[in-house]
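So the chains spell out like this:
There are 2 protein chains.
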Amino acid sequence: MKVEKLLHMAGGAGDSSYAANSKIQEKAILKITPILDKAVSEVHKTLLPEKMVVADLGCSSGLNTFLVLTQVMKIIAKQCRLLELQPPEMQFFLNDLPGNDFNNIFQSLDYFEESVKTEKGAICVPHFVAGLPGSFYKRLFPSQSVHFFHSSYSLMWISQVPEGLESKGEYVSPNKGNIYIGKTSPPLVVKLYQDQFNIDFSLFLKLRFKELVPSGQMVLAFLGRKKKNIYNGELSSLWGLVSESLHSMVLEGIVEEEKLDSFNLPFYAPSMEEAKAVINAQGLFDIIHMQIFESNWDPYDDSDDDFVIDNVQSGANFAMCIRSVLEPIIASHFGASIVDELFTRFAMNVARHLVKEKTKLPVLILCLKKKQ
Amino acid sequence: MKVEKLLHMAGGAGDSSYAANSKIQEKAILKITPILDKAVSEVHKTLLPEKMVVADLGCSSGLNTFLVLTQVMKIIAKQCRLLELQPPEMQFFLNDLPGNDFNNIFQSLDYFEESVKTEKGAICVPHFVAGLPGSFYKRLFPSQSVHFFHSSYSLMWISQVPEGLESKGEYVSPNKGNIYIGKTSPPLVVKLYQDQFNIDFSLFLKLRFKELVPSGQMVLAFLGRKKKNIYNGELSSLWGLVSESLHSMVLEGIVEEEKLDSFNLPFYAPSMEEAKAVINAQGLFDIIHMQIFESNWDPYDDSDDDFVIDNVQSGANFAMCIRSVLEPIIASHFGASIVDELFTRFAMNVARHLVKEKTKLPVLILCLKKKQ
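Line order of the protein sequences matches chains A and B. The letter at position 323 of the first sequence is residue 323 when you use our numbering, and the numbering goes up by one with no holes. The letter at position 27 of the second sequence is residue 27 when you use our numbering, and the numbering goes up by one with no holes.
The set of hints was computed from the structure by calculation and includes no laboratory data. Everything hinted at is true.
Ranges between beta-carbon positions, derived for each pair:
| hint | chain 1 | residue 1 | chain 2 | residue 2 | range |
| --- | --- | --- | --- | --- | --- |
| 1 | A | L47 | B | L203 | 24 to 34 Å |
| 2 | B | S303 | A | S143 | 41 to 51 Å |
| 3 | A | P214 | B | S215 | 19 to 29 Å |
| 4 | A | K45 | B | E50 | 21 to 31 Å |
| 5 | B | I287 | A | E50 | 21 to 31 Å |
| 6 | B | L30 | A | P34 | 48 to 58 Å |
| 7 | B | A281 | A | K45 | 41 to 51 Å |
| 8 | A | L47 | B | A281 | 35 to 45 Å |
| 9 | A | K51 | B | I287 | 27 to 37 Å |
| 10 | B | L30 | A | S143 | 27 to 37 Å |
| 11 | A | E166 | B | Y111 | 17 to 27 Å |
| 12 | B | L85 | A | R81 | 39 to 49 Å |
| 13 | A | L47 | B | E170 | 57 to 67 Å |
| 14 | A | K276 | B | K117 | 32 to 42 Å |
A virtual CB, placed ideally from N, CA and C, is assigned to each residue, including glycine.
Please build the complete structure, drawing on both the sequences and the hints.
Here's what the structure looks like:
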């Protein structure tokens with residue numbers, strides 16, 4: 001599987017598009033605002049650049065894409081008013097894989113510009129927005145040319161399904177029946193996933209270190225794990241429900257068993273300790289801030305209760321979110337014809353699960369500063 | 001008419017897409033290679049930047065888009081081999097209006113990277129490619145952040161249909177029956193078009209002056225006029241044939257007369273003297289080089305003969321080129337349903353015209369250097 005070709009959110013702006021179903025991601029971005037505020041202000045104050053380059057890695061295509069830009073401009077505008085400074089010229093780069101719907105982003109730029117103009121307390125920061133297609137597991141920028149990186153809900157996507165997980169001819173995947181680390185996955189599968197995450201996250205840090213100016217910072221937010229036991233990890237539960245849905249379709253002959261056995265997600269949800277270990281092993285960044293934020297599965301459920309009010313509605317809401325993320329990868333592997341049915345079953349499985357346990361999505365938030 | 005929304009080449013990669021019908025533009029790019037070579041080499045040699053920013057304004061979506069990048073990288077690679085220098089890290093910006101098919105460009109990046117690798121004499125210049133949506137009649141970059149601009153077949157598109165040309169209620173356009181300066185256009189129409197070009201081209205020069213680093217250069221190639229008499233201008237002949245085709249459809253009731261009367265192209269083909277006058281009036285750039293290159297209408301006709309061999313085939317070939325450029329703007333104004341019929345008639349009109357006169361497309365080529 002060529003992850004770079006397949007891994008992108010569902011394009012366009014229709015009912016099942018990512019653009020229309022990215023409320024979970026929006027919440028995370030709003031949650032990190034204070035951290036963003038501190039980091040962006042500090043970079044600006046330290047360097048006082050005439051031109052400030054900011055990149056959003058894994059920007060996807062939707063309203064969140066512009067949310068980050070707006071936040072960053074507000075921070076700079078406020079700081080420059082306080083310090084009585086001329087604001088820098090901001091150059092924003094919106095990065096995602098080449099399959100992302102950049103046309104949709106670019107055609108929404110007019111609305112973004114309008115919203116910037118009508119924003120309370122006018123954000124009069126001169127700015128320029130470019131799109132940057134490419135994997136963030138490769139170099140994206142010239143050396144020392146970026147002041148600040150932001151990335152939300154992206155780094156849990158690893159660069160490839162770990163080698164050794166895909167069935168090939170006689171070789172049967174050790175992860176048969178699961179699409180991620182599941183209760184029946186042998187320890188080898190866990191190790192393969194962990195190794196791939198370590199390789200990818202290390203590489204990510206090395207690449208960004210080269211691209212950041214001295215004293216540059218980055219704020220990273222991505223799905224992780226709070227539970228110690230990896231087999232019970234929150235994301236294992238989630239992907240387990242997708243697995244189950246697929247499995248029931250295998251039993252009814254709608255999906256070939258072989259297809260399911262050869263499907264694994266290029267995804268890993270690390271614990272904060274695992275993420276920290278990689279950062280410290282590299283020694284390129286100081287950890288300025290770290291925290292875990294938990295988000296309800298149903299993006300419209302803002303309560304802190306440990307039960308859901310309407311499990312069927314919550315199941316349906318969450319299924320729409322997950323569909324907008326998984327649809328391209330599922331359609332490419334299993335065929336587009338199974339998508340509707342799969343997410344109908346998944347919604348029911350989620351509804352059933354939420355009655356037993358109101359699992360949450362743990363989001364790891366890290367603010368890193370380039371070491372001198 | 002909102003030019004920024006409508007003016008873009010036909011997207012995708014199908015038979016009538018711009019990507020499949022951009023041979024005329026390709027020829028111009030190949031023609032300017034020696035001028036590009038001199039300009040890019042000089043900028044590099046003068047500034048020896050560690051990071052070199054190059055922007056292509058009006059890149060459209062097709063193979064030509066990457067042709068310019070390849071040429072520039074070859075020039076830099078060659079020069080660095082000669083001078084025994086480490087090549088700079090190149091950052092390319094592909095600019096066009098937001099309606100351009102950027103998704104198509106980004107999804108072709110893989111092929112571009114492959115072609116770069118297999119190029120004779122290996123072009124091992126580190127490079128990064130971004131897309132930049134926006135009108136080049138606005139600021140696109142932070143101040144003094146670009147080393148070199150290229151723009152082919154774009155600057156004859158002005159920012160808007162000159163005010164006073166569109167029919168509004170009781171007011172009837174003085175250019176009734178024409179879609180550009182035609183034989184029956186009164187002098188007022190000529191003046192309105194010339195004034196708009198002067199305003200737009202002046203603005204373009206001012207904006208790029210701000211964005212270029214000191215000693216930065218630009219190579220501009222755009223459609224112009226060789227014939228002194230503006231009413232007989234080569235582009236007047238061309239758009240006259242589109243007018244005629246539309247007019248015949250009015251007579252048959254396929255197109256409403258009102259629709260034709262309210263349609264004017266946001267286009268102006270200046271003479272070299274006119275372009276020079278604007279540059280000198282601004283006083284921001286030295287003209288390093290200027291020339292006029294002529295291209296046969298039929299992109300597959302490479303002969304210098306003053307007659308065409310197969311006028312019907314040439315008519316069809318040229319109609320495909322013009323369709324890929326005009327389709328979005330025509331479909332938006334007249335409706336998509338007339339497009340096939342219009343270009344069938346246009347192909348016949350071109351075929352008929354080519355028997356009488358083998359008109360050519362004059363391309364003005366200018367190399368400008370930012371004054372100190």
